[in-house]
Amino acid sequence: MTATHGLVLLALAASMAPAVLALLHVRWRAAKRDMKRDWQQLAARTEPPERTFDPFMVSGLPEPARRFLRFCIKPGTPLYSAAEIEMKGTFSFGSESKYQPLTAVQILSPPSGMIWAANIGRGLRAVSGSDGVSANGSWTRFAWLDLLPVALIDGSPDHYRSAFGRMIAESVFWTPAALLGALDVVWHAPDDNTARALIGHSGLLVTIDVRVEASGEPSQVSFQRWSNANVDKAYRLQPFGGFLSQFTEIDGIKVPTHIEAGNFFGTADFLPFYRVDVQKLRWLDKSPALPG
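Reading the sequence shown from the start, the letters are residues -12 to 279 in the numbering used here.
Hints in this document: simulated from the structure, not taken from any laboratory. There may be inaccurate statements among the hints.
[To be verified] Derived DSSO-like pairs: lysine-lysine, alpha-carbon spacing no greater than 30 Å straight-line:
1) K241 x K267
2) K61 x K220
3) K75 x K241
4) K75 x K220
5) K23 x K267
6) K19 x K273
7) K61 x K273
8) K85 x K220
9) K273 x K241
10) K273 x K85
11) K273 x K23
12) K75 x K267
Could you build the full structure based on these sequences and the hints that come with them?
Put into structure tokens, the structure is as follows:
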């Protein structure tokens, strides 16, 4: 290539840049519209529960599962199974030195779907967007300064399976009443302190282990997640999980308000890249709400 040819290519690239940036911004605006549409659809599908919790409902379950559910749900409480959650905390993209401030709102309506809409970082490091799974598929969509996409991933079968696993795992501790009707669950007890839930939907199956303390409090949730968050960037099953603490009762259901979670849970490589405190949780099947 001659110097003249190089200058021509640079000039051509410079002339195309505004058009490329404009196209990316248009795609980002469309992605935000899609997220709001899916959020509204999930919220619209919530209906008041028809049943309330009776401890007898769980009398046939393995003892750790009984202990867990009786701790979480007060007798006579409607079986709320869809929630909107506001949270803040920190998020790391890789190492502990790179934690960024996080605020997020999440809709969780198993098995219909989940959307996590987040703002991460400040100033010129700020990114915003969402992870989600719904009847319309799954996605990871984030943009720098709410302008230019840095990730526009729409669900391959691998991505959908990974997103589905996250939705199910979070449902176990934030919408535990969903385990009594909304979700198809088979329980086992590998030991006296583990409630193992096999949860299936639409051909997918996730096995969740809940560490249950003597009080019934679920202190850990873990599972084998289908993920490409590894050095090979290849999808495979690998440990994922976290610690649950600071439980509070909301309309008769106890939920953890502090979560620390990450990849390779239970191994030397575990790093809780996601650390949040719940600021507010409301049951959508009690009083449906839409994002602002």
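Against the structure, test the hints numbered earlier, and report the numbers of the ones violated in rising order.
2 and 10
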